[in-house]
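Single-letter residue listing:
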Amino acid sequence: MQVEHTEFRPKIVAFCCNWCSYAGADLAGSSRLAYPADVKIIRVPCSCRVNPMFILRAFQRGADGVILCGCHPGDCHYTTGNYYARRRMTLLFSMLDYLGVEDGRTRVEWVSAAEGVKFSATMNEFVAKIHELGENVRLEDLRCKN
Amino acid sequence: MQELITRAKELLADGTVSRVLGWKKGDLGWDPEPAYFEKEEDLEGFVYNPFCGANLSKYLIAAGKLEGRTLVFLKPCDTYSFNQLVKEHRVKKEKTYIIGVGCRGTLDPEKVRAAGMKGIEDAAVDGETLKVATLYGEKEMPLKDALLDRCLVCKGKTHVAYDELIGTQAGEEAGPGELAGDRFAEVERLEALPPKERFAFWQGQLSKCIRCNACRNACPACSCLKCVFDSSQFDSSQKANADTFEEQMFHIIRAYHVAGRCTDCGECSRVCPQGIPLHLLNRKFIKDINTFYGEYQAGADTESRAPLTDFTFEDVEPGIVSKRGGGR
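If you read the sequences in order, they're chains A and B. Counting from 1, one number per residue, gives the positions in the first sequence under the working numbering. Counting from 1, one number per residue, gives the positions in the second sequence under the working numbering.
Check the hints yourself; a few may be wrong.
[To be verified] Distance ranges between label pairs, derived from CB positions: (1) A:Arg49 <-> B:Thr302: 25 to 31 angstroms; (2) A:Ala37 <-> B:Asp310: 36 to 42 angstroms; (3) A:Gly134 <-> B:Pro142: 38 to 44 angstroms; (4) B:Tyr296 <-> A:Lys40: 34 to 40 angstroms; (5) A:Arg49 <-> B:Glu40: 50 to 56 angstroms; (6) A:Ala37 <-> B:Asp301: 50 to 56 angstroms; (7) B:Gln233 <-> A:Glu7: 32 to 38 angstroms.
[Claimed, not checked] In the DSBU-like style, the derived pairs of lysine-lysine whose C-alpha atoms are separated by at most 30 angstroms in a straight line are: (8) B:Lys24 <-> A:Lys129; (9) B:Lys144 <-> B:Lys24; (10) A:Lys129 <-> B:Lys287; (11) B:Lys139 <-> B:Lys24.
Hints were generated in silico from the structure; no laboratory data involved. All values reported here derive from a predicted model rather than from experimental measurement. Every residue gets a Cβ at the ideal spot worked out from N, C-alpha and C, and that includes glycine.
Start from the sequences and build out the full structure, keeping to the hints where you can.
This is the structure we're talking about:
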């Protein structure tokens, strides 16, 4: 028997850097702060590990929103990684916007290991935004749809 | 043209260079193709006319692996690509001998044909007039109606790298009307559209793509030995696009790979058999880089750091994209 899903449940991919944001998510969890289960966290060694292709690929495979979290500028474990990530993401987001993909499906947020509250608030806010935008239809690959 | 051939013969004869990289007559008069000339007598087939749009700098990567120096003819905008390749250690200056050639803009054969020219054999520029030699006699048309779009927003007549100049002088100013266009005008027009229309525009353009990879193969910035699109592990590997996503994916990634390294030479759009305005993607990156990180012209020199391999502590946050809104 197939269960019918009528309610829209967004799929959100969150790339979190190992040193700050992933620990921040951990803190959110151990502090019993709620954030939607729609957020799937992928741990990366550093925010600059995220190739712009990863973001496109996430959209292809059916993500409705992609968020990148890293250490605050100046706090990178590898000293300068997030400065490079910042430039890359600015250009990528601007390009996606130029191609007409709805603005707001992508986001970058700096979350430190001590900011469990910020992590949970950011995720709640982001999921609400994606709910507002609805399903991602402009960057999807139909073959990856179930 | 005779001057170029004479000088090339001299340099071949005195052993300064081992081969000459230039253009030869193609199958049709409007389609000259890049060619190597190794002997003096081969140079009889050499041509240089306004149809010679091909940017020869990329061929120097392969030529650099051969014995001896290569003589190459570069137009002003081609020298930017050359500098960029030197900066990326893909070509060596000492393995090449550059003759900077004068350029009055290169022609778009489609536009010339659309003006009713048939049986095109050759073309020459005379002031603001284009004289086209056809099988049916010589015909004329205004030069600006025949130029490639990239040449309507020419970045100047100055060679940024050369060993000698023929048919032009150092620091030559562009003629009147040649720099009239604003190269970001079309990008700005698109940015001003509502997102839905922007999406429709790009979907319409990119769905024409047949994945022939001509843009990649012609692009002087696309010089990786092993290209990401040739990997069997990759979703967008060398094959026809299956759906709209792949069309976008290929072009976004290609534009991104050359972001900050693209000299805006316009080869991608020139070689596209489907007439997709691919340079508009690259120009968007150039425009954003200029706005966010300061004016930058790739290939203007061989030392400066590319914008994406550099940073400042005060860079804008990615959130600026949605803050300023409307695609700007």
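Here's how the hints hold up against the structure:
The hinted window of 25 to 31 angstroms between Arg49 (chain A) and Thr302 (chain B) holds, with their beta carbons roughly 30 angstroms apart. A hinted range of 36 to 42 angstroms for the beta carbons of Ala37 (chain A) and Asp310 (chain B) is consistent with their spacing of about 40 angstroms. Here the CB-CB span from Gly134 (chain A) to Pro142 (chain B) is close to 51 angstroms, at odds with the stated 38 to 44 angstroms. Range check, Tyr296 (chain B) to Lys40 (chain A): Cβ separation about 37 angstroms, and the 34 to 40 angstroms hint holds.
Hint check: Arg49 (chain A) to Glu40 (chain B), Cβ distance near 55 angstroms, so the stated range 50 to 56 angstroms holds. Checked against the given bound of 50 to 56 angstroms, the beta carbons of Ala37 (chain A) and Asp301 (chain B), roughly 52 angstroms apart, stay inside it. Range check, Gln233 (chain B) to Glu7 (chain A): about 36 angstroms between beta-carbon atoms, so the 32 to 38 angstroms window is met. Under the criterion of a C-alpha separation no larger than 30 angstroms, the hint pairing Lys24 (chain B) with Lys129 (chain A) is inconsistent with the structure, at around 58 angstroms.
Restraint check: the Cα-Cα separation between Lys144 (chain B) and Lys24 (chain B) comes to about 25 angstroms, which is no more than 30 angstroms; the hinted pair holds. Distance restraint check for Lys129 (chain A) and Lys287 (chain B): the Cα-Cα separation of roughly 28 angstroms lies within the 30 angstroms cut-off, and the hinted pair is therefore satisfied. The hinted pair formed by Lys139 (chain B) and Lys24 (chain B) meets the criterion: a straight-line CA distance of about 23 angstroms does not exceed 30 angstroms.
The structure fails to meet hints 3, 8 from the earlier list, while all remaining hints are met.
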